[in-house]
Amino acid sequence: MSERSRRDLLVDELKIVRRRGLHRLAQYLGDVPTLRALADQTTGADDAEHVENLLRSVYKTRSEGAQGTAIGISLGLEQGRRGANPTVLRQVAAERLGYHSTETYRKEPENDAIRTFADLIDSYATEFVTEDLPDDYRINVALAAIKNLSLTEYAELNRRLRDWFAQVDPGRSRR
1 MSERSRRDLL VDELKIVRRR GLHRLAQYLG DVPTLRALAD QTTGADDAEH
51 VENLLRSVYK TRSEGAQGTA IGISLGLEQG RRGANPTVLR QVAAERLGYH
101 STETYRKEPE NDAIRTFADL IDSYATEFVT EDLPDDYRIN VALAAIKNLS
151 LTEYAELNRR LRDWFAQVDP GRSRR
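Following UniProt numbering, the numbering of the sequence shown begins with 1 at its first residue and continues without gaps.
Think of the hints as simulated: they come from the structure by calculation, not from any bench.
Warning: the hint list may mix true and false statements.
To be verified - Dumping the calculated DSSO-like pairs for lysine-lysine here, alpha-carbon to alpha-carbon at most 30 Å:
id, residue 1, residue 2
1, K107, K60
2, K15, K60
3, K147, K60
Said to hold, decoys possible - Here are the computed distance ranges between Cβ atoms for each label pair:
id, residue 1, residue 2, range
4, D169, D112, 34 to 44 Å
5, D169, L97, 50 to 60 Å
6, H100, L149, 39 to 49 Å
7, R115, R24, 20 to 30 Å
8, E156, R7, 30 to 40 Å
9, L143, D163, 44 to 54 Å
10, D40, R82, 16 to 26 Å
11, S101, R24, 25 to 35 Å
12, I16, T69, 14 to 24 Å
13, H100, D163, 53 to 63 Å
For each residue, glycine too, the CB sits at the ideal point set by N, CA and C.
Based on the sequences and whatever the hints tell you, model everything.
Pasting the structure below:
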């Protein structure tokens with residue numbers, strides 16, 4: 001029995017994400033081991049947040065055209081669509097791309113978009129491992145993430161940093 005390619009595994013896992021919804025990723029994280037491994041490889045952790053960050057990074061940096069639009073809507077990666085019902089997302093994608101029926105869209109175009117996105121994720125992960133990263137890469141990634149925080153998230157970051165510094169150096173945090 002031959003081993004399945006990483007691309008084929010990604011296609012299956014992306015279909016799981018499409019069917020169950022991105023907003024529920026933490027509930028079925030065990031069903032997407034390839035995505036978890038690639039998230040760990042590229043973002044440093046394999047939890048739901050990092051898997052979603054991997055998907056969003058690939059979507060933002062590599063997806064384009066009709067297939068990019070299809071994948072953005074179908075997986076809930078397009079802004080404002082993260083928690084939408086998967087059936088509704090499929091209908092919206094079909095309408096946006098000009099298909100007269102959702103069923104016509106589901107048969108080939110959606111599968112083509114998922115296969116293409118799997119290839120993009122695969123190439124992203126491969127290039128991430130082989131490229132030489134500058135020394136300040138992690139700092140720049142952290143700063144970029146901080147710039148994108150909402151006010152509530154920023155307040156939580158500050159609280160956690162205060163707590164962490166209080167544990168690391170209790171005397172210094174009181175100054």
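Here is what the structure says about each hint:
For the hint pairing K107 with K60, the CA-to-CA distance comes to about 25 Å; that is within 30 Å, so the pair holds. Between the alpha carbons of K15 and K60 the distance comes to roughly 19 Å, so the proposed pair stays at or under 30 Å and holds. Using a Cα cut-off of 30 Å, the hinted pair K147 and K60 holds, with the two alpha carbons roughly 16 Å apart. Under the hint 34 to 44 Å, the C-beta atoms of D169 and D112, about 55 Å apart, miss the expected range.
At roughly 55 Å, the beta carbons of D169 and L97 sit within the given window of 50 to 60 Å. In this structure the supplied range 39 to 49 Å holds for H100 paired with L149, their Cβ-Cβ distance being about 42 Å. Under the hint 20 to 30 Å, the C-beta atoms of R115 and R24, about 23 Å apart, fit the expected range. Checking the proposed 30 to 40 Å range against E156 and R7 shows it holds: the Cβ atoms sit about 37 Å from each other.
Hint check: L143 to D163, Cβ distance near 21 Å, so the stated range 44 to 54 Å is violated. Restraint check, D40 to R82: a C-beta distance of roughly 22 Å satisfies the suggested window 16 to 26 Å. Taking 25 to 35 Å as the suggested C-beta distance range, the pair S101 and R24 conforms, at roughly 27 Å. At about 21 Å, the beta-carbon gap between I16 and T69 stays in the expected band of 14 to 24 Å.
Checked against the hint of 53 to 63 Å, the pair H100 and D163 passes, with Cβ atoms roughly 55 Å apart.
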